[in-house]
Amino acid sequence: MLLIHCPHCREDREEEEYSYSGEAHIVRPLEPEALSDQEWGDYLFFRKNPKGIHHEMWYHAVGCRRYFYATRNTLSYEILETYKVGEQPQVSAQGAAQ
Amino acid sequence: MSQINRLNTGARTDSTSRINFTYNGKQMQGVAGDTLASALLANGVNVVGRSFKYSRPRGIVGHGAEEPNAIMQIGSGAATVPNLRATQVELYEGLESASVNGWPNVNFDLMSITGWFGRMMPPGFYYKTFMYPAKLWMTYEHFIRKAAGLGSAPVQDDPDSYDKLNQHCDVLVVGAGPAGLVAAREAARAGARVIIADEQSEFGGSLLASINSIDGQAATSWVDELVAELESFSNVQTLPRSTAFGYYDHNFLGILQRRTDHLGISADSGSRQRLHRVRAKRVILATGAFERPLVFAQNDIPGVMQASSVSTYINRYGVAPGNRMILFTTNDNAYQTAIDWHRAGRAVVAVVDSRSAPSGEIVGSGTGNGYSSNSRLRSD
Amino acid sequence: MKKYSGFSLFKNALSYHENWQKLWRSPKPKDYYDVIVVGGGGHGLATAYYLAKVHGITKVAVIEKGYLGGGNTARNTTIIRSNYLWDEAAQLYELSLKLWEGLSQELNYNVMFSQRGVLNLGHNLQDMRDIERRVNANRLNGIDGEVVTPERVKEIAPLINISKDCRYPILGASWQPRGGTARHDAVAWGYARGADALGVDLIQETEVIGIRRKNGSVVGVETTQGFIGTRKVACVTAGNSGVVAAMAGLRLPVESRPLQALVSEPVKPCLDTVVMSNAVHGYISQSDKGDLVIGAGVDGYNGYGQRGSFHVIEHTLQAICELFPAFSRVRMNRQWGGVVDTCPDACPIISKTSVDGLYFNCGWGTGGFKATPGSGYVFADTVANDHPHPLAAAFNVDRFNTGALIDEHGAAGVAH
Ligand SMILES: Cc1cc2nc3c(=O)[nH]c(=O)nc-3n(C[C@H](O)[C@H](O)[C@H](O)COP(=O)(O)OP(=O)(O)OC[C@H]3O[C@@H](n4cnc5c(N)ncnc54)[C@H](O)[C@@H]3O)c2cc1C
Ligand SMILES: [Zn+2]
Chain A
1 MLLIHCPHCR EDREEEEYSY SGEAHIVRPL EPEALSDQEW GDYLFFRKNP
51 KGIHHEMWYH AVGCRRYFYA TRNTLSYEIL ETYKVGEQPQ VSAQGAAQ
Chain B
1001 MSQINRLNTG ARTDSTSRIN FTYNGKQMQG VAGDTLASAL LANGVNVVGR
1051 SFKYSRPRGI VGHGAEEPNA IMQIGSGAAT VPNLRATQVE LYEGLESASV
1101 NGWPNVNFDL MSITGWFGRM MPPGFYYKTF MYPAKLWMTY EHFIRKAAGL
1151 GSAPVQDDPD SYDKLNQHCD VLVVGAGPAG LVAAREAARA GARVIIADEQ
1201 SEFGGSLLAS INSIDGQAAT SWVDELVAEL ESFSNVQTLP RSTAFGYYDH
1251 NFLGILQRRT DHLGISADSG SRQRLHRVRA KRVILATGAF ERPLVFAQND
1301 IPGVMQASSV STYINRYGVA PGNRMILFTT NDNAYQTAID WHRAGRAVVA
1351 VVDSRSAPSG EIVGSGTGNG YSSNSRLRSD
Chain C
2001 MKKYSGFSLF KNALSYHENW QKLWRSPKPK DYYDVIVVGG GGHGLATAYY
2051 LAKVHGITKV AVIEKGYLGG GNTARNTTII RSNYLWDEAA QLYELSLKLW
2101 EGLSQELNYN VMFSQRGVLN LGHNLQDMRD IERRVNANRL NGIDGEVVTP
2151 ERVKEIAPLI NISKDCRYPI LGASWQPRGG TARHDAVAWG YARGADALGV
2201 DLIQETEVIG IRRKNGSVVG VETTQGFIGT RKVACVTAGN SGVVAAMAGL
2251 RLPVESRPLQ ALVSEPVKPC LDTVVMSNAV HGYISQSDKG DLVIGAGVDG
2301 YNGYGQRGSF HVIEHTLQAI CELFPAFSRV RMNRQWGGVV DTCPDACPII
2351 SKTSVDGLYF NCGWGTGGFK ATPGSGYVFA DTVANDHPHP LAAAFNVDRF
2401 NTGALIDEHG AAGVAH
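Note that the protein sequences, when read in sequence, are chains A, B and C. Taken in order, the first sequence gives residues 1 to 98; the numbers are from our numbering. Taken in order, the second sequence gives residues 1001 to 1380; the numbers are from our numbering. Taken in order, the third sequence gives residues 2001 to 2416; the numbers are from our numbering.
A couple of the hints might just be wrong.
To list a few chain B residues with every Cβ distance to chain C over 12 Å, as calculated [stated by the list, open to error]:
no.: 1; residue: Gln1003
no.: 2; residue: Asn1008
no.: 3; residue: Lys1026
no.: 4; residue: His1142
no.: 5; residue: Lys1146
no.: 6; residue: Arg1193
no.: 7; residue: Ser1221
no.: 8; residue: Leu1226
no.: 9; residue: Phe1233
no.: 10; residue: Ser1234
no.: 11; residue: His1250
no.: 12; residue: Lys1281
no.: 13; residue: Thr1330
no.: 14; residue: Asp1332
no.: 15; residue: Glu1361
Only some residues are given here: those of chain C computed to face chain B with a beta carbon under 8 Å [as the list claims (entries may be wrong)]:
no.: 16; residue: Tyr2004
no.: 17; residue: Leu2009
no.: 18; residue: Ala2013
no.: 19; residue: Asn2110
no.: 20; residue: Ser2114
no.: 21; residue: Phe2227
no.: 22; residue: Val2267
no.: 23; residue: Pro2269
no.: 24; residue: Gly2290
no.: 25; residue: Ser2309
no.: 26; residue: Pro2325
no.: 27; residue: Ala2326
no.: 28; residue: Arg2329
no.: 29; residue: Val2330
The hints are simulated quantities; they were obtained by calculation from the structure and are not laboratory data. Predicted, not measured: the structure shown is a model, and the values here were computed from it. Here a beta-carbon is modelled for each residue, glycine too, at the ideal position from N, C-alpha and C.
Start from the sequences, fold in the hints, and give me the full structure.
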């Protein structure tokens, strides 16, 4: 049962208030028609799915109803940071602050 | 049957009271403060179950959550509950209990003939057999299933209701023995919001069975004072009869509080059980320890009991579970049990110590406590 | 391999069971194998068994980072059925079910496959339309199944609540009598013993930490016991598949999620079949030991922690108590989680990859135990011939680029 800090509400709230939207920072192609099947499939379905540091997107479904990002360790479930859409993570898998 | 093993030494029982209950259909009596286990022992009940595969007779070994043998079906009809440990069931007027294994009953068990074939049933024997002819497996399995299981699930809809609370606190203390109680008190005095939970009917943990004193005061009255202080704080919530059953991520714990089971009445007293979903800033686990059982041949026969449990039955419940005792130990601590047994007016036949030269303070105090150093057998 | 029978049991009883042959050897890894199977779960062990048995490829090693069958194989609720909607999936699961029907005899190891039937409940009109469609599709594929009324459901599972005054009343169900359960450990151990007897090396407590390639082809694996050469690496690593794929620079259309289950204390027989409900989200059966075995849904987020969130099992138990109001007085004994490899279309990936000699069998998600024999069978064939087995062809990883997905969310039983 995760306790997640919403960067919009600036509060720690229960996991049950949120829904998960998967890997973060996947940019939707501007011209989908221009992509090959390979590229479109990769964009839609293929994921890093790492064991360890993961940048992911969450939605504060029963709170402010806004999206944000989290950097979470998928093995320990520790949440290292949450940040707003448009911002960049401070923590990365390489460990160095960016 | 009368309470042949009842003493008036029980710090937490009232030996003048009377509570009627039944065990396998037989009428018995216990006293206020008893668990079903202490009441059965007071009544001289030795065999409380049968082992699963070989149907060996089994007696009460422990006094709490660690009890492996005294598994009971409590109540009847829609409100029956399977597989409760007698050591964790508080006695109430009219309680119905039954042992779960043994056919036709635990004392005369026909299933024990499987004991004769026991050598044909090493661990995992079923993987090695019942394969041919293939179409007979479902028939074999039918009989395997019938022999399995402990108690029975009710067959009617549950008449009770249940509820839950979401809770937040600064400090959650699990376990209300001396360590947990003091931790909760210190946190409370510092102004923290505290929840303290313990699965037993009252707080105090091991001290409930202790005849020692703390700060010049009997341990049990020290507990009473501390609990009273805790209850006086508005920032403290005390949860007896409440088992923490899961510690999830980010300090989320599930605690199940049994609100009415000890009253033996259904439905009309509000929810039977309450789930506390607790999110804590800090968690203190002060859940104490179990005595580690000794391993020796036949250590499962009725009459073999943990030393700490013997002391607990005498000191907390006022029950001497037997007459003549051999104490087998690997450490000084268990000598207290010989002393307690002697004080209960029972005979210590021998003390068997696995160490060649035990020498602690309490070991030497044997003389004058019913056992002497020459009754100490050593197995070195 | 010494054969097991009532007679061998009797003979060994005379020598106090001290002379049983070990189930398998614990060999030192060799320098080179024809095939290395990564992952010693049920699927990996079955793959190795059929490689040796059907294809005569016996220079095979199974490399397992923990102990055999300790992953999802050890953690699943053992439901077996083949009533999937689409032809491709139905045929694969049905092959598996047929193999289950003779598996104890094939392996000379009792996997306790128990055909006590599976009910999939419907709670609203759309559920019932889906059930009818699925049962019709199953029958066209030669798979047993019928649509049953609430009264028939009650006959099969007498403690179930079919009254109309509940939040999700039961309107009917699909019923597959040939479905059931099996003993999870025995499946892993039976395949392991069989594979070992055919010469396969089972190497435990050894992790694959790298996949060495040369000119786009596999040449071996790096392990915690050193390098081992091979030209074929068959990965059957369930929830860890993304991690292993990354060793070869690949990504998969797979996300690893916690999936939880619980068992009650053992009680006398009271549920003689398997009951599943998609809508209220719980599934339940009773093991031969007497435990009620209850499965929950997947957690909402990626996780490798082999544990999940409390609210997920809380929700499942609410569902179970609504279905079986008597069970609220039965106490739960243990809960745990496994890491399942979920695929976007709820179907597996049984496939070659863009790296020559590297094969993946994953994506079984919440429901691959039932497929253990069939999965091993078609994967062994795919690896041996370097060409997909006809029943595996549709499960190529390319389908996520071509768009030929096989959407089994409805029949998968657990939403993910
Ligand atoms: C709670 C739960 C309930 C389920 N219920 C059902 C059900 O009722 N019916 C059903 O059909 N399915 C069910 N499933 C799904 C089923 O358990 C799996 O699909 C199936 O067991 C997968 O088998 P496997 O052999 O592929 O994986 P696993 O048994 O997980 O084996 C994979 C093995 O790979 C090893 N491994 C991973 N990485 C490496 C490495 N780098 N090096 C070496 N070894 C490695 C792991 O240690 C593991 O032993 C359930 C799963 C869970 C978790
Ligand atoms: Zn918010």
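Which hint numbers doesn't this structure obey?
Hints 4, 5, 11, 21 contradicted; others consistent.
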